[in-house]
Structures are given as structure tokens and as C-alpha cells.
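> Sequence:
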Amino acid sequence: MIMENTAIKQDIMDSKLPPDVVLRVSNLKKYFPVGKTFFKKNRRVVKAIDDVSFTVNKGEVVGLVGESGSGKTTIGRMIMRLIDPTSGSMEFGETDVATAEGKELMAMRKAIQIIFQDPYGSLNPRMKVGPIIREGLDVHRMYSMAERNERIAKLLVTVGLGPAHVNRHPHEFSGGQRQRIGIARALAVSPQLLVADEPVSALDVSVQARCSTCCRI
Numbered sequence: 001m002i003m004e005n006t007a008i009k010q011d012i013m014d015s016k017l018p019p020d021v022v023l024r025v026s027n028l029k030k031y032f033p034v035g036k037t038f039f040k041k042n043r044r045v046v047k048a049i050d051d052v053s054f055t056v057n058k059g060e061v062v063g064l065v066g067e068s069g070s071g072k073t074t075i076g077r078m079i080m081r082l083i084d085p086t087s088g089s090m091e092f093g094e095t096d097v098a099t100a101e102g103k104e105l106m107a108m109r110k111a112i113q114i115i116f117q118d119p120y121g122s123l124n125p126r127m128k129v130g131p132i133i134r135e136g137l138d139v140h141r142m143y144s145m146a147e148r149n150e151r152i153a154k155l156l157v158t159v160g161l162g163p164a165h166v167n168r169h170p171h172e173f174s175g176g177q178r179q180r181i182g183i184a185r186a187l188a189v190s191p192q193l194l195v196a197d198e199p200v201s202a203l204d205v206s207v208q209a210r211c212s213t214c215c216r217i
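Read in our numbering, the sequence shown has 91 at position 91, and its numbers run on one by one without any break.
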């Protein structure tokens, strides 16, 4: 990871967010190298994200608007640290997401969950619905097993499915149903911040409002 200004980075890490601010993104950049050359300094880059800043307050819904390929998904993946930024900072509580490691990164990923745009590629085809939704609860050792299973059943009902679906595989569901499973998985660990990449685009109009409401955390 390349940080352009160490002094600025240190000032950001030493600062604390106001109590009503959940996330503060400052001067975020992500450049992807294009082509191969012997000299790395001469490599061309695609500026997927170039100097983006915004703040998310508690109880607030912030929408990123842009045409296809403008970098909205890339920003979401950087907030989750699924990809590393080229430079910039992402402050979540007292954590600088861009540099978090180990237990700090694991705690941050529990507090921030994501709903992926692609309901087909975001679910493990070998796992049943129950274990898919329960995975976060297992990793973070939340609740007893009976309480985990009870929470899974409630979440499935919340997103318009049912407890009977826990023993089915993703290929047995439609695209909209898979998206609802992804929403239930993201909500399972009661996150403080939800990154939603077009979360209801694959849903029928009849269930869009229902799932949008349950995503308000």
C-alpha cells in the first residue's frame, strides 16, 4: 500500500470521530496498473477512484450515484478492506480501516457488513442457506448454537423467506431469493454499518420496500 503523506496519515489516526459520525472517508484513491513494463515507474494506471471524500452519520443513508464503471463498487470493497486503497483514509470509530490488521481488522469486519450486487457469485454453492447465514455468527462466536439457529429463522422470515429454506443450496433459489439470503447474512451479526451494492435491484417490487426497511440499522 502506498501512503502519499505519512504526516497526514498519522494525524488522521490520532484523531477521533465525533460521536454522531460512523464513517469518514478522506481523499480515497485506488489506481490499478495497466499493462506490463520492465520499469514499474513507467507503468500506466487506471484511476478507478481519485480523491473521494464523504461522511456517514448515525442513522443516515448515504447513496453514491454514478454511471456504470464509475467506481461505486470499488469504494464499497475498500470500505470492507476486500481491496486495499492506493492512498487516503477510512475512519470507523477509532479504527483506520486502511491500515487495520489482526484483531482490529476482524472486529471492524464484524461491525461493517456488505450486501453484494451479484447474488449468484456471492454465495458459496456448496453450502446450505443455514450455514451461509450462520457463518458470521460462528466466526465471531455470537450466541449459543440454539440462539444462532433461532436468529437465522427470524432473519429468513424478515426478508420474505422461511425457516424451511435453511437446508437448501443456493442453486435452488431464484436471483431475487439469493439476494434476500445475502441480506439476511449481512444482518446476522447486527452490524453498525451496512455497505449495500444495489441491494434490491434483483428483487421483485413487492419485496423491495420490505428488504429496504430491514436494512435500516
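Hints in this document: simulated from the structure, not taken from any laboratory.
Ideal Cβ positions, reconstructed from N, Cα and C, are used throughout, including at glycine.
Heads up, some of the hints might be wrong.
Using 20 Å as the maximum straight-line C-alpha spacing, the simulated PhoX-like pairs for lysine-lysine come out as follows [stated by the list, open to error]:
no., residue 1, residue 2
1, 47, 29
2, 72, 29
3, 154, 128
4, 128, 58
5, 58, 16
6, 72, 47
The following label-pair restraints were derived from C-beta to C-beta distances [what the hints assert, rightly or not]:
no., residue 1, residue 2, range
7, 145, 63, 19 to 25 Å
8, 57, 213, 30 to 36 Å
9, 172, 106, 41 to 47 Å
10, 60, 198, 15 to 21 Å
11, 163, 18, 24 to 30 Å
12, 17, 141, 38 to 44 Å
13, 164, 57, 35 to 41 Å
14, 128, 106, 20 to 26 Å
15, 102, 208, 18 to 24 Å
16, 53, 19, 18 to 24 Å
> Run the structure past the numbered hints and jot down the numbers of the failing ones, going up.
4, 7, 8, 9, 11, 12, 15
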